[in-house]
Amino acid sequence: GENVEQHPSTLSVQEGDSAVIKCTYSDSASNYFPWYKQELGKRPQLIIDIRSNVGEKKDQRIAVTLNKTAKHFSLHITETQPEDSAVYFCAGEANFGNEKLTFGTGTRLTIIP
Amino acid sequence: DTEVTQTPKHLVMGMTNKKSLKCEQHMGHRAMYWYKQKAKKPPELMFVYSYEKLSINESVPSRFSPECPNSSLLNLHLHALQPEDSALYLCASSQGPLGLDGYTFGSGTRLTVV
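In order, the protein sequence lines correspond to chains A and B. Those letters in the first sequence? Residues 1 to 113, by the numbering used here. Those letters in the second sequence? Residues 114 to 227, by the numbering used here.
Where hints are given, some of them may not hold.
[Claimed, not checked] Residues of chain A clear of chain B, computed beta-carbon distances all greater than 10 Å:
1) P8
2) S12
3) Q14
4) S18
5) K22
6) L46
7) E56
8) H76
9) T105
10) T110
[As the list claims (entries may be wrong)] So the derived list for chain A, only partly shown, Cβ under 8 Å to chain B, looks like this:
11) R43
12) D49
13) A63
14) F89
15) F103
16) G106
[What the hints assert, rightly or not] Heads up, simulated DSBU-like pairs for lysine-lysine below, C-alpha to C-alpha not over 35 Å straight-line:
17) K57(A) to K154(B)
18) K100(A) to K151(B)
19) K154(B) to K122(B)
None of these hints come from the bench; they were simulated from the model. Where a beta carbon is used, it is the ideal one built from N, C-alpha and C, also for glycine.
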């Protein structure tokens, strides 16, 4: 089955700086990689996702990159703001009959004003 | 309606009680999921329903019993739980059976077993 590792577990950045969170996956058949943001006491919310047929995807201040050969993908947040403080989870999922979404262990991101 | 609604939001139950968690979505999603999340941990998959049929059971103890009455509803029946079952229980849905378009999570039920 899929195994997703995520680093770092905690990350503090100055407001306005960039934050990068990295994940690796084990199943070379996986081809869908979402990122979820979970604020304290709230539900995980999908913020961006990428499929294995593309290498990069951007949505305003958020971008995700995927390296299929190395089996890793990263979340990039630029011009960070206090409201970006949350726990971020990466995830991976294979697409041939496997409906499981395997989550990484999470990164607690703190934006320092 | 673009939400997944879970009830109740909080539940305290004794180890001999029987209770049910409910989840509802009206987005026409064909797959629904139950996840369990402990504090400071990622969500852990429990069950997957695809087109109203149970497709994945992640070796969940029988004291948890899922039910999908129709394509919009998902229940989780609880019986004889243990204190270690206390957690946030999240329901999610996705449009396709393979979840490749991302999941929409409900706000969860925070369960405390006493």
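Evaluation of the provided hints:
1. Against chain B, the non-interface label of P8(A) holds: every CB pair exceeds 10 Å, the least being about 14 Å.
2. For S12(A), the shortest C-beta to C-beta distance to chain B comes to about 17 Å, beyond the 10 Å cut-off, and the non-interface label holds.
3. Remark: the non-interface label on Q14(A) is consistent with the geometry, its nearest Cβ contact in chain B lying 24 Å away (cut-off 10 Å).
4. Every beta carbon of chain B lies more than 10 Å from that of S18(A), the smallest distance being close to 24 Å; the non-interface claim holds.
5. With a least CB separation of 16 Å from chain B, K22(A) remains clear of the 10 Å interface cut-off, as annotated.
6. The non-interface label for L46(A) is inconsistent with chain B: the shortest C-beta to C-beta separation is roughly 4 Å, within 10 Å.
7. With 10 Å as the threshold on Cβ separation, the claim that E56(A) sits away from chain B holds: the shortest Cβ distance comes to roughly 18 Å.
8. With 10 Å as the threshold on Cβ separation, the claim that H76(A) sits away from chain B holds: the shortest Cβ distance comes to roughly 19 Å.
9. For T105(A), the non-interface assignment is contradicted: its Cβ lies about 6 Å from the closest Cβ of chain B, within the 10 Å cut-off.
10. Every beta carbon of chain B lies more than 10 Å from that of T110(A), the smallest distance being close to 14 Å; the non-interface claim holds.
11. Satisfaction of the interface hint for R43(A) is found here, the shortest Cβ-Cβ separation to chain B being roughly 4 Å, below the 8 Å cut-off.
12. With a cut of 8 Å, the hint placing D49(A) at the interface with chain B holds, because the nearest CB-to-CB distance is about 5 Å.
13. Look at A63(A): its Cβ only gets to about 17 Å from chain B, farther than 8 Å, so that hint breaks.
14. A distance limit of 8 Å between C-beta atoms decides the matter here; for F89(A) the minimum to chain B is near 5 Å, and the interface restraint holds.
15. The beta carbon of F103(A) comes within 4 Å of a beta carbon in chain B, closer than 8 Å, and the hint placing it at the interface holds.
16. Interface restraint check: G106(A) against chain B, minimum CB-CB distance 5 Å, threshold 8 Å, status holds.
17. Straight-line distance between C-alpha atoms of K57(A) and K154(B) comes to about 27 Å, which keeps the hinted pair within the 35 Å bound.
18. Restraint check for K100(A) and K151(B): satisfied, since their Cα atoms lie roughly 18 Å apart, inside the 35 Å limit.
19. A C-alpha spacing of about 19 Å is found between K154(B) and K122(B), which places the hinted pair at or below 35 Å, so the restraint holds.
Violated hints for the displayed structure, listed by number in ascending order: 6, 9, 13.
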